[in-house]
Structure formats: C-alpha cells, structure tokens
Amino acid sequence: IARLQAEAGARLILAASWTESLAGHHRVKVGCRARALENQCYVALAAIAGPSPWLAGCEVGIGAGGIYAPPDRFFPPDGIVAESALDAPGWLYADLDFALLDAVRADGQVLSFRDWEHQHGITATVVPEGNWFVPALVAVVAGQTLAGASDAKVEREGAHPAQSG
8 IARLQAEAGA RLILAASWTE SLAGHHRVKV GCRARALENQ CYVALAAIAG PSPWLAGCEV
68 GIGAGGIYAP PDRFFPPDGI VAESALDAPG WLYADLDFAL LDAVRADGQV LSFRDWEHQH
128 GITATVVPEG NWFVPALVAV VAGQTLAGAS DAKVEREGAH PAQSG
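Taking my numbering, I'd label the letters of the sequence shown as residues 8 to 172.
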C-alpha cells in the first residue's frame, strides 16, 4: 500500500499503531523506517502509548511516536527526524522540508523511487546449487533469465555460499 501511495504522489505516509508488547512496537517502528527508506518519503507514526482504558481489551499500549525520513543526503544518517519517549503520552512534531525530499528522490544516494519503473515485472527465483541455495541471485527480467552465476561471481558480490559436505 505504501508504495502505491508514493507512486500516486504521497510524500508523507501516516501510520497509526497500538501494540501490547515491546516486540510489537519494534516491528511497527522498523516497518515505518523501511517504508521511509524504500519509498523515499516521510513516515509519521502515531502510537497509542500507556494506559488506554477507553479501548476494550486494549487497556495498555506500548509504543512511541516517530517521524522518519530516508537516511540519505539532507536527512539524519539514521533517518530519524524525531521520536518520542517510549510509553510517554504527548505530542510529537517536526518541520518537514518536502523540497529536500524531492531532491533525494531525484538524485539521492539510493534511487529506489526514481528507478521503480525499471523494477516492474522483476521476479526472484531460488536456484539450488549443490547443497546450498542462491536466493534472489537469478532474476527474471521482462521474460529474460539472468542465470549462470559461478561460485566466483557469488563470492565477488559478497554472498557466501554454505560449504557442502
């Protein structure tokens, strides 16, 4: 959904959350940061934090608000524009510069947004090689198969096949 929103022109995605565990909070936070990175947009996370007796069955929320950007030029290296304290009710706000976001989308260090049109129709295939697998090494692009990767190529690209035997 976030990618479709960004393709339709969204530069700010709003995410609401209620979680009952610290793990749930971290899943939502990681997801929001990932959406900011891959869509090169801002993501604002509004979490229910602390006691919430008005929600039947959801009496306590664990979470924190956050405003995230792509970790790229012009933005914080970790992509965190602002975050509230965990389980602390209150307001979180920040000034967002959409011109900087547009500049990163056009010519950032990672061009995921600009290069989307080249990604349509790409699929990944798992290719068994002896006793190990090369996940996502072989891609089918517009009906063409990119195959024939040797062990040397895999090692050059940084993947480390498991040793057989």
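Please keep in mind that the hints were generated in silico from the structure rather than gathered at the bench.
No experiment lies behind these values; they were computed from the predicted model shown.
We put the CB at the ideal spot given by N, CA and C, even for glycine.
Mixed in with the good hints, there may be bad ones.
Said to hold, decoys possible - Cβ pair distances, simulated, as ranges:
#, residue 1, residue 2, range
1, Gly16, Cys65, 30 to 36 Å
2, Val117, Trp61, 37 to 43 Å
3, Ala30, Ser59, 44 to 50 Å
4, Leu103, Leu29, 24 to 30 Å
5, Pro60, Leu93, 37 to 43 Å
Between Pro60 and Leu93, does the C-beta distance stay in 37 to 43 Å?
With a Cβ separation near 20 Å, Pro60 and Leu93 fall outside 37 to 43 Å, so the hint is violated.
Could you see if the CB distance from Gly16 to Cys65 stays within 30 to 36 Å?
34 Å, holds
Go ahead and decide if the range 44 to 50 Å is satisfied by the Cβ distance of Ala30 to Ser59.
18 Å, violated
24 to 30 Å as the expected CB spacing between Leu29 and Leu103, which holds or is violated:
Holds, since Leu103 and Leu29 (Cβ atoms, about 28 Å apart) stay within the stated range.
For the range 37 to 43 Å, tell me whether the beta carbons of Val117 and Trp61 fit it or not.
41 Å, holds
The structure fails to meet hints 3 and 5 from the earlier list, while all remaining hints are met.
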